[in-house]
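Participant: Listed below, chain by chain, are the residues.
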Amino acid sequence: MRNTCLNMVYELAKEDERIVFIGSDLSPGLLAGMKRDMPARYFMEGITEQNVVGMAAGFAMEGFIPYVNTIATFITRRCYEQVAVDLCLHDLPVRLVGNGGGVVYAPLGPTHLAIEDIAIMRALPNMTVVAVCDAEEMKRLMRASLDWPHPIYIRLAKGGDPVVSRPENGFAIGKAIAMRTARSRRPVVLMSTGVMTTNAMKAAELLEKQGIDASVVHFHTVKPLDETAVREHADNARLLVTVEEGIAIGGFGSAVTDHLVRTRGQSLPAMLRLALPDEFPKKYGSQSDHFEIYGLMPQQIAASVCKAIGKLELVA
Amino acid sequence: MAITDGLAPAREGGAGLDERSRYLRRLVVRGLDGGGRGHVGSSLSLIEIMRVLYDDILAYRPAEPRWPDRDRMILSKGHGCLALYAILADKGFIPLETLDTFCRRDSILGGHPEAGKVAGVEASTGALGHGLSVGLGMALALRAAKRKARVFVVMGDGEINEGSVWEAAMCAGKHGLGNLTAMIDYNKIQSAGFTRDIQDLEPLLDKWRAFGFVAAEVDGHDVGALRALLRKLPVDAGKPTAIVCHTVKGKGVAFAENDPNWHHKNKFVDGEIDRIYACLN
Numbered sequence: 001m002r003n004t005c006l007n008m009v010y011e012l013a014k015e016d017e018r019i020v021f022i023g024s025d026l027s028p029g030l031l032a033g034m035k036r037d038m039p040a041r042y043f044m045e046g047i048t049e050q051n052v053v054g055m056a057a058g059f060a061m062e063g064f065i066p067y068v069n070t071i072a073t074f075i076t077r078r079c080y081e082q083v084a085v086d087l088c089l090h091d092l093p094v095r096l097v098g099n100g101g102g103v104v105y106a107p108l109g110p111t112h113l114a115i116e117d118i119a120i121m122r123a124l125p126n127m128t129v130v131a132v133c134d135a136e137e138m139k140r141l142m143r144a145s146l147d148w149p150h151p152i153y154i155r156l157a158k159g160g161d162p163v164v165s166r167p168e169n170g171f172a173i174g175k176a177i178a179m180r181t182a183r184s185r186r187p188v189v190l191m192s193t194g195v196m197t198t199n200a201m202k203a204a205e206l207l208e209k210q211g212i213d214a215s216v217v218h219f220h221t222v223k224p225l226d227e228t229a230v231r232e233h234a235d236n237a238r239l240l241v242t243v244e245e246g247i248a249i250g251g252f253g254s255a256v257t258d259h260l261v262r263t264r265g266q267s268l269p270a271m272l273r274l275a276l277p278d279e280f281p282k283k284y285g286s287q288s289d290h291f292e293i294y295g296l297m298p299q300q301i302a303a304s305v306c307k308a309i310g311k312l313e314l315v316a
Numbered sequence: 317m318a319i320t321d322g323l324a325p326a327r328e329g330g331a332g333l334d335e336r337s338r339y340l341r342r343l344v345v346r347g348l349d350g351g352g353r354g355h356v357g358s359s360l361s362l363i364e365i366m367r368v369l370y371d372d373i374l375a376y377r378p379a380e381p382r383w384p385d386r387d388r389m390i391l392s393k394g395h396g397c398l399a400l401y402a403i404l405a406d407k408g409f410i411p412l413e414t415l416d417t418f419c420r421r422d423s424i425l426g427g428h429p430e431a432g433k434v435a436g437v438e439a440s441t442g443a444l445g446h447g448l449s450v451g452l453g454m455a456l457a458l459r460a461a462k463r464k465a466r467v468f469v470v471m472g473d474g475e476i477n478e479g480s481v482w483e484a485a486m487c488a489g490k491h492g493l494g495n496l497t498a499m500i501d502y503n504k505i506q507s508a509g510f511t512r513d514i515q516d517l518e519p520l521l522d523k524w525r526a527f528g529f530v531a532a533e534v535d536g537h538d539v540g541a542l543r544a545l546l547r548k549l550p551v552d553a554g555k556p557t558a559i560v561c562h563t564v565k566g567k568g569v570a571f572a573e574n575d576p577n578w579h580h581k582n583k584f585v586d587g588e589i590d591r592i593y594a595c596l597n
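Chains A and B supply the protein sequences, listed in that same order.
Following my numbering from start to finish, the first sequence increments by one per residue and tops out at 316.
Following my numbering from start to finish, the second sequence increments by one per residue and tops out at 597.
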């Protein structure tokens, strides 16, 4: 996904002279072709996140479209004020590409785990927050990003992620995609973002085997949230489940909940939020280890759904 | 109308300042009076820097604030905005009467300047340590677009405590941005007290030189010296320039000069505005 994203920066830069790439201290040889062919629009500026975000703002004020890339924690936490003031207050078309969103960097420990990136980026006025589910969808996002007039935070996944998106579904920033349609009138609805959509799809298959009909709605864009899709799917949900690779506080599930409380406050659907708890991860290992620790593997999502439905039936 | 140097005699408090410098300071006081508050000392130390930039150095068109070939001036120490508002009003970017609305609910003039609201304000500032990075981004963009416009970033001395300033300085030095000039309003006082006591900046010129700048110092209230220095830019076309402007916080208002208590006022006692004006008439 990361390679696809950065290669797309180069491809877009060939077509559009407004594109600039700014990295901090990334892999040797990264985007070597762009560096060679368009040195005036390729920058590797060292470990200076505050500076590169301000610098990107300056470029954008002059009509350029900068894509800024470094590790997700550093491009969000380290330079939050620059992101807020230089990018969001000015509402500039700068794209922040964060490597290793969520728990991708599990072996490196909590300093490198972007567990609250979606929450803190989402809190900023004018910011757009996107977490696609695979490399093919990344290509579609990158094309769509070109003329989006606002700052965008693009959360990257681990790489080599299974491709579950389909070109026929198209792609528009802010428009959710129904990945799996339910047959029944009152299905379980799984709403997910990023690579959690893949796990949600697998969970839906497991649920089907147990006779539970589930739909899956993929929100590649967390902000602006596709509120119409949230309402349409929530209104018929037997159980609405949000699934995300990030902390619950302020995250994707919060966005969905906020909207439903605002618009359906007197008749909320039964809801289950699957997310990371309010703590820094304590273990190392792999991303999937952390999915397991936090109950985000497909079989765990399915089990949580079954448990929630069981409680609902007990109440009924 | 611009009034040239030396036309009027010096007065009490404004000793050594000519009529134009006192006039621009009176515009600052107009804003202070309108808002009933403001960064007094921080604005008054900036006046000659703003005056010389806008009278003699910058290329701009008040009727066309986004003119592509204009020189860009970012007031990174956004809290000194009354000095910027004064010169923008003087030059016709905004009506003079706007100064009376400073900090009021529906005013375009806030306690820190906002781009998009105020014609002539290039970037919204207020959070310190942002302007140099934004400015160097502009300078790189202008270079990439092969435009001859220059970028000036005016910072406070307290502001350059921020680490982000030195990230930006490294970057500007690396890129040899001859079209970028950093100016430091070195009035020696920050909010908590004297800079030498809070976070001593010396040796300040050496710091800028070490980061790849051509560095110079000047009396930041000496119009002639400022003008002569700024007309030499770029001193080295392959390097950014840093100009340390030695200034006096509260300059022109005798009882406010060099007094940390006049960094910012959120109210004025009866007669205080009149006493300030008396120094500047």
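It is possible that some hints are incorrect.
Listed below are the simulated DMTMM-like cross-link pairs for lysine to aspartate or glutamate, each with C-alpha atoms no more than 25 Å apart in a straight line [as the list claims (entries may be wrong)]:
| id | chain 1 | residue 1 | chain 2 | residue 2 |
| --- | --- | --- | --- | --- |
| 1 | B | 464 | A | 17 |
| 2 | A | 282 | A | 313 |
| 3 | B | 555 | A | 25 |
| 4 | B | 464 | A | 37 |
| 5 | B | 462 | A | 17 |
| 6 | B | 490 | A | 25 |
| 7 | B | 581 | B | 422 |
| 8 | B | 462 | A | 16 |
| 9 | B | 464 | B | 522 |
| 10 | B | 433 | A | 25 |
| 11 | B | 490 | A | 15 |
| 12 | B | 462 | A | 37 |
| 13 | B | 462 | A | 81 |
| 14 | A | 139 | A | 17 |
| 15 | B | 555 | B | 575 |
| 16 | B | 464 | A | 292 |
| 17 | B | 433 | A | 81 |
| 18 | B | 462 | A | 11 |
| 19 | B | 462 | A | 258 |
| 20 | B | 490 | A | 147 |
Simulated from the structure, these hints should not be mistaken for lab results.
These figures come from a predicted structure and were not determined experimentally.
Participant: If you draw a straight line from the CA of residue 490/B to the CA of residue 15/A, is it 25 Å or shorter?
Facilitator: Violated, because 28 Å separates the two Cα atoms, which is more than 25 Å.
Participant: Given the hint that residue 581/B pairs with residue 422/B, does the C-alpha gap stay at or below 25 Å?
Facilitator: holds (21 Å)
Participant: Mind checking the alpha carbons of residue 282/A and residue 313/A for me, to see if they're no more than 25 Å apart?
Facilitator: At roughly 35 Å apart (the allowed maximum being 25 Å), residue 313/A and residue 282/A break the hint.
Participant: For a C-alpha distance cap of 25 Å, please report whether residue 555/B and residue 575/B respect it.
Facilitator: Given that 25 Å is the threshold and the Cα spacing comes to 36 Å, the pair is violated.
Participant: Taking only the CA atoms, is the gap from residue 464/B to residue 292/A under or equal to 25 Å?
Facilitator: With a Cα-Cα distance of about 57 Å, the restraint between residue 464/B and residue 292/A is violated, given a limit of 25 Å.
Participant: Regarding the pair residue 462/B and residue 81/A, is the alpha-carbon distance no greater than 25 Å?
Facilitator: violated (31 Å)
Participant: Residue 462/B and residue 16/A were given as a pair; does the straight-line alpha-carbon distance stay at or below 25 Å?
Facilitator: holds (17 Å)
Participant: Between the alpha carbons of residue 490/B and residue 25/A, is the straight-line distance 25 Å or under?
Facilitator: holds (15 Å)
Participant: CA of residue 464/B to CA of residue 17/A, is that 25 Å or under?
Facilitator: holds (19 Å)
Participant: Would the hint linking residue 433/B and residue 25/A be met if the CA-CA limit is 25 Å?
Facilitator: violated (36 Å)
Participant: What's the verdict on residue 462/B and residue 11/A, does the C-alpha distance respect the 25 Å limit or exceed it?
Facilitator: Distance ~23 Å between residue 462/B and residue 11/A Cα, so the pair holds.
Participant: Can you confirm whether the C-alpha distance between residue 555/B and residue 25/A stays at or below 25 Å?
Facilitator: Holds, at about 23 Å.
The structure fails hints 2, 9, 10, 11, 13, 15, 16, 19, 20 (numbered hints given earlier, in ascending order).
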